[in-house]
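A.B. asks: All chains should be modelled from the sequences, with the hints used to inform the complete structure.
Taken in sequence, the protein lines are chains P and C.
According to numbering that gives the first Met the number 0, the stretch in the first sequence is residues 0 to 359, in order.
According to numbering that gives the first Met the number 0, the stretch in the second sequence is residues 0 to 306, in order.
Read the hints as simulated data drawn from the structure, not as lab findings.
Beta carbons: idealized from backbone N, C-alpha and C, even for Gly.
One or more of the hints may lead you astray.
A partial selection of chain P residues facing chain C, derived with a Cβ cut-off under 8 Å [what the hints assert, rightly or not]: (1) L36; (2) R107; (3) Q114; (4) L117; (5) P120.
Simulated restraints on C-beta separations [claimed, not checked]: (6) P:W23 to C:D222: 46 to 54 Å; (7) P:W23 to C:T302: 51 to 59 Å; (8) P:A87 to C:S86: 47 to 55 Å; (9) C:F15 to P:R346: 12 to 20 Å; (10) C:G60 to P:T53: 55 to 63 Å; (11) C:E17 to P:R35: 40 to 48 Å; (12) P:G60 to C:S86: 49 to 57 Å; (13) P:A87 to C:G60: 48 to 56 Å.
Which stretches of chain C does chain P cover? Using the computed rule of at least three CB atoms under 8 Å from a CB of chain P, they are [to be verified]: (14) 49–59; (15) 101–112.
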Amino acid sequence: MTGASPVSVTDEAPSQSTGAAIGWWGVRTMAEHEFRLRLRAGRWRWLLAAWFVTLLLLTWGLRAALVATGAAERGVDMFGGLMLFMLALAMLVVPALTAQSINGDRERGVLATLQTTLLTPAEIAIGKLVAAWATTLVFLAVSLPLIVWCLVEGGVSVGRVIGTLIATALLLGALAAIAQCLSAVFARSTTSAVMSYLVVFALSIGTLIAFFIGLMLTTETETVTERIPVWDNGQPQFNEETGQPINVDRWQTAEYEASVQQTEKVWWLLAPNPFAVLADSTSGTVEWERTGFDPLQTIREGVRSARDPDSGWSGVASTEKAVWPYGLAFYLLIGVGALTLTIRRLRTPYGRLPRGVRVA
Amino acid sequence: MEQRAGVEVAGIRRSFGEVIAVDHVDLAAPPGFVTALVGPNGSGKTTLLLVLATLLRPDSGTVWVANHDPVTDPQAVRALTGWMPDSFGTYDTLTAREVLEFAASAYRLRRDRGEQRARELLELIHLADHADLPVHVLSRGQKQRLGLARALVHNPTVLLLDEPAAGLDPRSRIELRGILRGLAADGRAVLVSSHVLAELETMADRVVFVDRGQTVSEQELADLPRSERRPWRMQALDPNSLVDALDRYGIEHADPDASGVEVLLSGDEAAAQLLARLVRDEVRVTTCAPVGSGLEDAYLAMTEDRR
Chain P
0 MTGASPVSVT DEAPSQSTGA AIGWWGVRTM AEHEFRLRLR AGRWRWLLAA
50 WFVTLLLLTW GLRAALVATG AAERGVDMFG GLMLFMLALA MLVVPALTAQ
100 SINGDRERGV LATLQTTLLT PAEIAIGKLV AAWATTLVFL AVSLPLIVWC
150 LVEGGVSVGR VIGTLIATAL LLGALAAIAQ CLSAVFARST TSAVMSYLVV
200 FALSIGTLIA FFIGLMLTTE TETVTERIPV WDNGQPQFNE ETGQPINVDR
250 WQTAEYEASV QQTEKVWWLL APNPFAVLAD STSGTVEWER TGFDPLQTIR
300 EGVRSARDPD SGWSGVASTE KAVWPYGLAF YLLIGVGALT LTIRRLRTPY
350 GRLPRGVRVA
Chain C
0 MEQRAGVEVA GIRRSFGEVI AVDHVDLAAP PGFVTALVGP NGSGKTTLLL
50 VLATLLRPDS GTVWVANHDP VTDPQAVRAL TGWMPDSFGT YDTLTAREVL
100 EFAASAYRLR RDRGEQRARE LLELIHLADH ADLPVHVLSR GQKQRLGLAR
150 ALVHNPTVLL LDEPAAGLDP RSRIELRGIL RGLAADGRAV LVSSHVLAEL
200 ETMADRVVFV DRGQTVSEQE LADLPRSERR PWRMQALDPN SLVDALDRYG
250 IEHADPDASG VEVLLSGDEA AAQLLARLVR DEVRVTTCAP VGSGLEDAYL
300 AMTEDRR
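C.D. replies: Structure, rendered in structure tokens:
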């Protein structure tokens with residue numbers, strides 16, 4: 000019987016005091032619990048197998064294509080393609096794993112009993128996020144053999160692989176925080192799931208659309224005056240060394256309208272694009288002369304030249320003006336903001352209840 | 000301060016938009032007693048318990064739970080309070096033991112202490128044999144008992160139980176009564192809401208009636224007024240001889256049915272007299288008991304004018 004051991008609770012407690020906002024104990028307890036629930040809930044073996052096979056087919060296909068085109072150093076191109084595809088796939092998986100984290104618990108009737116324990120709102124939110132993030136990292140880990148394959152093919156440095164994986168993990172962590180926040184904001188789990196996919200869409204495709212619309216809106220037309228050399232005998236002559244026209248009889252002037260795109264005004268619209276962040280932060284210094292087509296490198300050149308159009312594309316080492324720090328800062332800010340809002344939404348006792356939310 | 004060691008509520012009010020769930024409730028659930036919270040559906044019982052369980056902020060009024068204010072110091076209240084909601088989910092894929100061990104660590108009990116506590120509680124609620132089965136294979140009553148164990152995991156001094164008997168079979172109900180009496184005897188304050196009045200009558204020391212968000216009355220169960228004239232149910236080996244005798248005595252009775260005859264009597268004295276007379280006249284009576292309970296009478300009297 001309980002009566003046999005009338006011990007007060009507080010002197011059982013580990014060193015964390017009951018008033019502490021965030022404690023290691025609480026976060027770990029919550030994360031372990033959540034991770035165990037996730038582990039038991041789904042058919043992970045099948046899900047992870049499907050994930051691996053999809054990526055395996057892609058990598059194998061890429062390699063076959065590169066062999067056919069006779070590219071040297073296939074590793075770089077394979078790695079770039081694999082990582083971009085993996086990020087895209089993971090961005091589909093993360094909302095599915097996280098967008099019901101809070102409101103799903105409420106619907107199942109287990110949130111209120113959690114909130115009345117000594118776990119603080121911050122511990123609940125962070126613990127759940129850690130578990131969600133860890134789950135996505137399992138997916139990344141499963142893909143490691145394919146990355147090793149890319150390494151074996153040559154051309155990719157281990158440092159670059161690690162950097163790319165860290166960038167991917169950070170992006171997916173921020174995305175998980177956003178999806179979890181949506182699950183705390185919306186009462187119904189279907190709503191938050193749909194909203195999460197809209198966020199993924201907005202970040203990956205919406206940013207591109209916004210960039211091109213912005214580009215059109217900022218495009219200016221300017222009148223260009225051009226002097227055209229005229230040779231009366233119809234035989235143009237040029238200096239062989241400088242390429243300048245020589246023996247010109249007279250000059251005509253022609254005026255025409257030219258549209259000038261000002262990518263430097265709208266490049267920042269590309270900064271939150273997860274693929275741009277991944278590519279720009281991780282692709283190495285240029286080995287531009289080599290044959291082949293590194294998708295990461297291409298995206299990097301694209302966004303950097305958008306920010307700094309004067310740097311030019313052609314075969315030149317890319318500009319020092321990186322875009323990824325802005326993108327990564329954006330994700331960190333959004334991630335922290337989303338987590339903060341989640342914590343606020345979990346705080347009890349509730350004063351005003353959000354529409355459609357039942358406490359228990 | 001002593002008063003506040005249990006639950007002490009004065010004039011609280013809580014509305015959800017236009018709907019006033021709790022209008023004006025006063026209530027005390029002192030340590031060492033089982034206090035029953037009784038009222039019709041929608042009378043504000045669950046909302047009241049949510050306020051006590053630190054989940055809802057009252058619009059006005061004062062609340063003390065285990066010497067702390069659940070609004071300003073919810074963590075202190077949570078450390079000392081066990082709450083069992085009327086409908087709750089469990090983690091279906093976990094085992095009963097894992098559910099309790101998780102609850103223990105969520106209340107910051109050390110791991111070894113939590114494991115020990117889970118064992119104790121599984122014994123207490125007779126789920127030790129099912130400890131390592133996933134919760135989804137448990138019956139509704141077993142889940143309900145697990146919910147009770149979960150609320151007890153941190154050895155709280157105040158217990159808030161919302162319809163704990165719902166879905167329990169008779170044996171489990173009797174055991175629940177034993178557990179709650181034991182907890183009260185330990186000096187804990189136990190507040191139970193229920194519709195099963197007959198059950199509460201044998202379980203509770205005190206009763207608080209609420210209706211439409213207001214406290215209607217609050218009293219010791221022993222002090223409940225019993226209406227003078229009430230039905231008694233009688234059975235005899237030969238129902239016809241019983242009916243004949245009643246007709247002879249000129250005592251008002253209903254038509255006999257399979258469960259016996261209902262007789263209107265004014266009080267215990269009248270019942271004793273009637274029994275003595277029947278025995279003298281050699282009517283072989285087997286049962287004579289008042290219909291309904293004091294709590295039921297009081298409940299019906301209270302809600303009568305509200306229909």
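A.B. asks: Each hint should be assessed against the structure and marked as holding or not.
C.D. replies: Each hint tested on the structure:
1. With 8 Å as the threshold, the beta carbon of P:L36 comes within range of chain C, its nearest partner Cβ sitting at about 6 Å, so the hint holds.
2. Checking P:R107 against chain C: minimum C-beta separation of about 4 Å stays under 8 Å; hint holds.
3. Proximity of P:Q114 to chain C holds as hinted, the smallest CB-CB distance being about 6 Å (cut-off 8 Å).
4. Hint status for P:L117 relative to chain C: holds, with the closest Cβ pair at about 5 Å, below 8 Å.
5. A hinted interface residue such as P:P120 counts as satisfied when its beta carbon comes closer than 8 Å to some beta carbon of chain C; here the least separation is about 10 Å, so the hint is violated.
6. The supplied range of 46 to 54 Å is met by P:W23 and C:D222, whose beta-carbon atoms lie about 53 Å from each other.
7. In this structure the supplied range 51 to 59 Å holds for P:W23 paired with C:T302, their Cβ-Cβ distance being about 52 Å.
8. Restraint check, P:A87 to C:S86: a C-beta distance of roughly 41 Å breaks the suggested window 47 to 55 Å.
9. One distance hint, 12 to 20 Å for the beta-carbon pair C:F15 and P:R346, holds here, with the actual separation near 18 Å.
10. Under the hint 55 to 63 Å, the C-beta atoms of C:G60 and P:T53, about 59 Å apart, fit the expected range.
11. In this structure the supplied range 40 to 48 Å holds for C:E17 paired with P:R35, their Cβ-Cβ distance being about 42 Å.
12. For the pair P:G60 and C:S86, the beta carbons lie near 52 Å from each other, so the given range of 49 to 57 Å is met.
13. Range check, P:A87 to C:G60: Cβ separation about 55 Å, and the 48 to 56 Å hint holds.
14. Against chain P, the stretch 49–59 of chain C contributes 7 residues with a C-beta closer than 8 Å to a partner C-beta. That satisfies the three-residue criterion, and the hint holds.
15. Residues of the stretch 101–112 of chain C lying with their CB closer than 8 Å to a CB of chain P number 9, which satisfies the three-residue condition for coverage.
The structure fails to meet hints 5 and 8 from the earlier list, while all remaining hints are met.
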